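Colleague: Since the structure of chain D is already known, use the hints to place chain U on it.
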Amino acid sequence: MTTAVALGLTVATLLLFTGLGIWYSRGAVHSVEDLISARNSAGRGQLTATLIASVMGVWILFSAPEAGAGFGIAAVVGYAIGEAAPMLAYSKVGPRLRSVVPDGHSLTEYAHARYGDAMYAFVLVVSMLYMFVFLAAELTGIAGALSLVAGVPQWQTAVLVGGFVLLYTGYGGLRASIFTDTIQTLLVLPLLVVALGGAVVALGGAGAIHESVVAANPTLLDPGFAAGLQFGLALAFAILGAELINQTWWQRIYAGKDDETVRRSFRSAMLANGVIVFLAALFGIVAVGQANVVTDVTSAGYNADVAFFLLLEAAFPEWVVLAVVLVALLLVMSSVDTLFNALSSIVTADLPRLLADPDDRTLKLGARALTVAVAVAAIYVSLRAQSVLRLFFFADLLGAAVAFPLIYGLYSRRLTGPGALLSSVGGLAVGLAFFPDFRGVITGLPLVGDLLPAADPLYLTSFGGAFLVATGLTLVAARLSSTDHDLENLSRDIGRLDDVAPDGGVADEEVRE
Amino acid sequence: MAAIGPTLFAAILWGSILAVACVFGYEVYAIARDAGWLSR
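Quick mapping for you: the protein sequence lines, in order, are chains D and U. The opening position of the first sequence corresponds to residue 1 in our numbering, with each subsequent residue numbered one higher. The opening position of the second sequence corresponds to residue 514 in our numbering, with each subsequent residue numbered one higher.
Derived by calculation from the structure, the hints in this document are not laboratory data. Just so it is clear, the structure is predicted and the values come from calculations on it, not from any experiment. All the pointers check out, no bait thrown in.
Partial pick of chain D residues on the chain U-facing surface, computed with a CB cut under 10 Å:
| no. | residue |
| --- | --- |
| 1 | G72 |
| 2 | T185 |
| 3 | L196 |
Using N, Cα and C, we set each Cβ at its ideal position, and we do this for glycine too.
So that you can see chain D by itself, here it is in the shape it has in the complex (with noise of 0.2 Å):
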């Protein structure tokens, strides 16, 4: 594919989404609350499409067949269920977070209201590192991706994808972006179907994809392989965590309509964002088969990051690369707008605390612009990704070790603020005892460092360790307290964004635009 033709597809499908969000949410944003939360907005079938085009990033054509070249089957199913585990969970705390917390926002707006300054600090800044992390990794992976097939220059495509997604995402905020991911699943779903199976064609059916696999490294056929499945159980743990503390889906479940499609949505993206990542992982087996894949992480040649764009290198015919393309196009966009606008919301729901009762423009604005500053520090940071990327798995031992301890205020009335922390904290030391990356900082920490056991290669012990010791020691926690929290006090704690009248219309007169 030439470089003018993937500038092309890229401007043009850029062009067209910016167009629908702006068209879509023209007269349709007349509060901060619109910008923020699309409240009791969507329907049981946008909501499923929001929550299958937010989750599904660019991430599924590199991370997801790297599980799969690298550790196999037993590492296939485990990332399906890592990504199906968060779905499942959201489908119960959802609709009690709405009951419990009917007017919320965020994550950190409720962490703060129920925990108190220091537990909302720590879920912040693990929130925001895990989000920005995924944003920025986003980013670099179009950009990647256009220069291995096309030879895009990478900051090209950062800085097209960023700025155009930011203009539709600034206007329209969480509305524009759920619709333009509804479109883009509608989209994305067919093309990964008729670009997937004409590739099993393409290579001579799944008879001849199994030949080759087996003649390269029959071990990745293999359920019982014991490195694959405590890989990909340890990415069930890190994914599961990751999730909980992600602010894209408490948005979410205040977006749809009612707790019945709140249920229903989540459980449907269950089903959906378990069978497509199962499909992207099984392509990294598949191209072990047919291109010249290094998996051995200690090699210099290492290349199973990028195992799926050898195999459409090696053996996928052109029309089927410019599929490929345009999926990965409409995926990145998919998360990046949703992550634009998380990131600013979890900031814009915490502004009445810290600004002197801040009227409704004064909200729009300071929404609109930490968009643009999340959007523009996000460019900067992917095109230096590499060490962006080291910081993944870092942020997912951080969500492991705080999800528990979060989701449990919801339902524990015992659980106090610095009850949670401590879980958290706790959590976290025996998730960096056996973390295997930053090793000589981890070592190198005075007293403990010499004391600690080896890394973990696999990870299942470092995050496995850290969601389990910190939900152990939860609710051991709940259990030795003797405070009653009243829950009932977070639904007067947090309120709306806007003023709302007696007549159930906006109050504040320059709500309308």
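Modeller: Positioned in the frame of chain D, the structure of chain U alone reads:
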């Protein structure tokens, strides 16, 4: 445990592609229903 055979592999590969196609079908149905294009 042994590696999965060609028949099971084909079923998994084509089955997962079919499953994504089913997700698409469901999405079209659910969005049409939301929009009131289908009678309830």
